[in-house]
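K.L.:
Listed below are the residues making up each chain.
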Amino acid sequence: MTSMTQVDSRREHTATEPTPEDAANRSRLRRPEKWAALVLLIPALVGFAVFYVFPTIRGVYYSMTDFNLLNQPSFVGADNFSAMVDDPQVWASLRITAVFAILNIVIVMSLALVLAAFMQRMRLRTWVRSLLLLPWLVPNVAIALIWAWLFDANVGFFTNMLSSIGIKAFTFYNADAALWIIVLISVWSGLGYTALLLYAGMLQVPTELYEAGALDGASEVSLFFRITLPLIRPVLALVLVVSLIGSFQVFDLVQVGYGNNPIPEVRVIYYYIYQQAFSFYQMGYASAIAILLVVILGALTFVQMRLMRANRSDLA
Amino acid sequence: MSAGAVVSKTQAIRRSVRMRPGATIAWVLVGATIIATLFPFYWMIRTALTPAGELVADASLLWPTDPTLINFQRVLGLTSVEEAVAAGGSGASIDFVRYTINSVIYAGSVAIIQTLSCAAAAYAFARLRFPGRDVLFAVILAGLMIPGIFTLLPNFALLREWGLLNTMVGLVAPALLMSPFTIFFLRQFFLSLPQDVDEAAMIDGVGPLGRFWRIALPMSRGPIATMMLITLVGMWKDYLWPLVAGNSEFTRLLTVALSVFQQQSPNTSPDWTGLMAGATLSVAPVLLILIFLGRQLVQSLNFSGGK
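Protein chains in written order, with the working numbering: chain A, 1 to 316; chain B, 1 to 307.
These aren't lab readings, by the way, just hints derived from the structure by calculation.
Hints may contain errors.
[Unchecked claim] Here are some of the chain A residues that sit facing chain B, going by a computed Cβ distance under 10 Å:
no.	residue
1	Lys-34
2	Leu-41
3	Gly-47
4	Tyr-193
5	Phe-248
6	Val-256
7	Ala-277
[Stated by the list, open to error] Below, a sample of chain A positions facing chain B; criterion: calculated Cβ distance under 10 Å:
no.	residue
8	Leu-40
9	Val-46
10	Val-114
11	Gln-255
Model, not experiment: these values are computed from the prediction.
Note that beta-carbon positions come from the ideal geometry of N, C-alpha and C, so glycine has one too.
Using the sequences and the accompanying hints, generate a full structural model.
P.N.:
Structural data, given as structure tokens:
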């Protein structure tokens, strides 16, 4: 917008000769902007400084201290980080989280792409599409409880259905099934939202491209791979990054579904940080693991944006 | 060829492009997805209406033989302890009325105040000139990348030092004034508002604050309401922060209360009918939002997905 204002003032210049009066007028209009901006920014900036910037600095400091909330943080240098390297649970949790994230993202994205592509070819009323949003609007706590009940070992509805076709052990607290169930719940709750985002991206693709493709005899499938997929790349990249960041932060489902001492198979990294901080009161150590998570997410996002060339759209 | 013929030819092609894959497959697929999406909620309500004693007998029935509202009554604290125990509860005191009110206060106050505070900042970023604007905006955007738990730990320590843990003020404080996403979203919108109106007001001598309050805000009622709605839903779902910062009888939110309720109920035979009644209470407001404002929500996705 800076340039717009400049252009406008230039237009004024050419229209009439600049007089000192004009200049005074302009500066009278311009000068209060700095102070007005400050007034408008203050509430948000106070929130940002106190609850974003300050805790970020403090979090970095905590990660280099021994701090249990009751003592004064005492500086221990890189001890927390070297302890982290030797802590098998950190790596186990990261592995579980990564497996969860990959399964979740791959399944959600493939199903959502198919669903969105079909919706693109149908005239669905908005309210019908909005039904797909319901799981995304509902607290994860409720979702965890509902699915724990559906997969209850004794009388769960899905457990009964599965055991009637011979699948016996696929229950909520079964160690082999647990991570898969968490993936299933996440896929179920993220599918509609993701599909609607991709669908919105597909609406931007000009219809003429499909018509031209169809005239050239391209099949539906190749229209999808040759036109739709390349042209929604920016949305795809955005959705991928958002789901990646979200997947690495999976917590509610595990903590509510599996309680305060979850079975090892579902101890995701967010849970481990929470446990270190609020069960063992190891604030320093928890902050160090949180920093590791920040670094991992930052690196993954960077790589992903690069690979997807997300800032360039073929439609532009 | 006449224009009409061209048009009908184009329409025919378009129809063939749109319908060829077999409309049936599309409808079956989308229909199945919608059913799969809704079924767990149906099952939640069905279970909430089932008497605890008949849970096993009715396990696979699509409708309870003897529907009842007793489960709602006992999670809302409308029954005596004896009645609650008789109906399958643990007898622990649960007061979902209070937790629901807490959740409404939490989500409502943050949605309104945060959106307005961020709208003001977004307007400054979009429409005003001041030194350091772009750097500051970039720093705020960087805030989007940081996982919540990283700032949650120091924020917890901070509230503890200030003695604000387990108070409503402390609970809302971190989110009350600021959300990088809201600023980003509303800035995009303010950038798209026509310049002429601003300029006309400027010529009439309306200052920047007046232009924000009397022109930009009224023109952006739609996006601001949408943002409030999205924030409202996000805060309604919030769990980890209220769990660590507000898990006391007076500040407990509905989500935390549900999870506490789950942990109090015996592991061997959980109080499923009570839990599902509680879950239904946490889903009901969202369902109302979806019914009345689903269109706005979908359109807000179109906005963020299309840009």
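K.L.:
Each hint should be assessed against the structure and marked as holding or not.
P.N.:
Against the structure, the hints come out as follows:
Checking Lys-34(A) against chain B: minimum C-beta separation of about 5 Å stays under 10 Å; hint holds. Nearest Cβ of chain B to the Cβ of Leu-41(A): about 5 Å, under the 10 Å cut. The hint holds. A least Cβ separation of about 3 Å between Gly-47(A) and chain B falls short of the 10 Å threshold, and the interface hint therefore holds. Checking Tyr-193(A) against chain B: minimum C-beta separation of about 8 Å stays under 10 Å; hint holds.
The closest approach between the C-beta of Phe-248(A) and any C-beta of chain B is roughly 7 Å, which is under the 10 Å cut-off, so the hint is satisfied. The closest approach between the C-beta of Val-256(A) and any C-beta of chain B is roughly 5 Å, which is under the 10 Å cut-off, so the hint is satisfied. At about 6 Å, the closest approach between the beta carbon of Ala-277(A) and any beta carbon in chain B falls short of 10 Å, and the interface hint on this residue holds. For the restraint placing Leu-40(A) at the interface with chain B, the shortest Cβ-Cβ distance is roughly 4 Å, inside the 10 Å limit, so the hint holds.
A distance limit of 10 Å between C-beta atoms decides the matter here; for Val-46(A) the minimum to chain B is near 6 Å, and the interface restraint holds. Checking Val-114(A) against chain B by beta carbon gives a least distance of about 7 Å; that is within 10 Å, so the hint holds. Satisfaction of the interface hint for Gln-255(A) is found here, the shortest Cβ-Cβ separation to chain B being roughly 7 Å, below the 10 Å cut-off.
Figure legend: structure checked against the earlier numbered hints; every hint is met.
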